[in-house]
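Visitor: The task is simple: from the sequences and hints, build the whole structure.
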Amino acid sequence: MSEVTTAISRIQDYDDSLMSLDIFTSERRAAELSPSRILLVDDDPDMRALTRTFLEHEGYGVFSSGDAERAAQIFRSVPEIDLLVTDLYMPGKSGMELARELKEIRSELPVLMISGGMVDAAQKLRLEQEGWSFLAKPFRLPELLSTVHRILAPAEARRWKEAR
Numbered sequence: 028m029s030e031v032t033t034a035i036s037r038i039q040d041y042d043d044s045l046m047s048l049d050i051f052t053s054e055r056r057a058a059e060l061s062p063s064r065i066l067l068v069d070d071d072p073d074m075r076a077l078t079r080t081f082l083e084h085e086g087y088g089v090f091s092s093g094d095a096e097r098a099a100q101i102f103r104s105v106p107e108i109d110l111l112v113t114d115l116y117m118p119g120k121s122g123m124e125l126a127r128e129l130k131e132i133r134s135e136l137p138v139l140m141i142s143g144g145m146v147d148a149a150q151k152l153r154l155e156q157e158g159w160s161f162l163a164k165p166f167r168l169p170e171l172l173s174t175v176h177r178i179l180a181p182a183e184a185r186r187w188k189e190a191r
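Residues 28 to 191 (the working numbering) make up the sequence shown, in order.
By construction, these hints were calculated from the structure, which means they are not laboratory data. By construction, the Cβ of each residue, glycine as well, lies at the ideal position given by its N, Cα and C atoms. Heads up, some of the hints might be wrong.
Below, computed lysine to aspartate or glutamate pairings styled on DMTMM-like, alpha-carbon distance capped at 25 angstroms [to be verified]: (1) Lys120 / Glu183; (2) Lys120 / Glu135; (3) Lys120 / Glu96; (4) Lys130 / Glu107; (5) Lys130 / Asp71.
Here are the simulated distance ranges between beta carbons [claimed, not checked]: (6) Ala148 / Pro106: 30 to 40 angstroms; (7) Arg185 / Met145: 33 to 43 angstroms; (8) His176 / Glu155: 16 to 26 angstroms; (9) Pro62 / Asp147: 13 to 23 angstroms; (10) His84 / Ala180: 11 to 21 angstroms; (11) Asp71 / Asp147: 17 to 27 angstroms; (12) Arg177 / Ser134: 16 to 26 angstroms; (13) Arg185 / Gly143: 11 to 21 angstroms; (14) Ala149 / Gly86: 18 to 28 angstroms; (15) Glu107 / Glu85: 31 to 41 angstroms; (16) Gly144 / Arg185: 29 to 39 angstroms; (17) Glu131 / Glu155: 18 to 28 angstroms; (18) Glu96 / Glu157: 33 to 43 angstroms.
Guide: Laid out in structure tokens, this is it:
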């Protein structure tokens, strides 16, 4: 097993072990220290672990889930989520269904859909009409970071201004 595979496996084990906690204490503490908090939802454990690690390395507080149902529970227990990053296609509830559910709770929640599946012009138009951003997998990590920065810039500017 390579070092990268071992690291991803350890991160995945860590991520999975948090699932047994009601409120993710270590994640919550990280989120409180971070300027922005992201809810990451992806049914692919390797992709979720890699994306989470990268975003945390960039200073974001990241809450992660492998399915939409658990993600909705996290969102309800941690209402200060600043961005939903979700896979479009997942078993059970889709990323679109999850985003709509969470936006009923908080309408101004920004959404970034990610997908490795085929997304046709009609689906892209629907995402655009919802006001959601889209990033095709596999994406390069700098591309993800640039997209996240662009989406979160207005909220981070407001937070900085309010703190002054």
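Visitor: Hint by hint, which ones does this structure get wrong, listed from lowest number up?
Guide: 1, 9, 13, 14, 15 and 18
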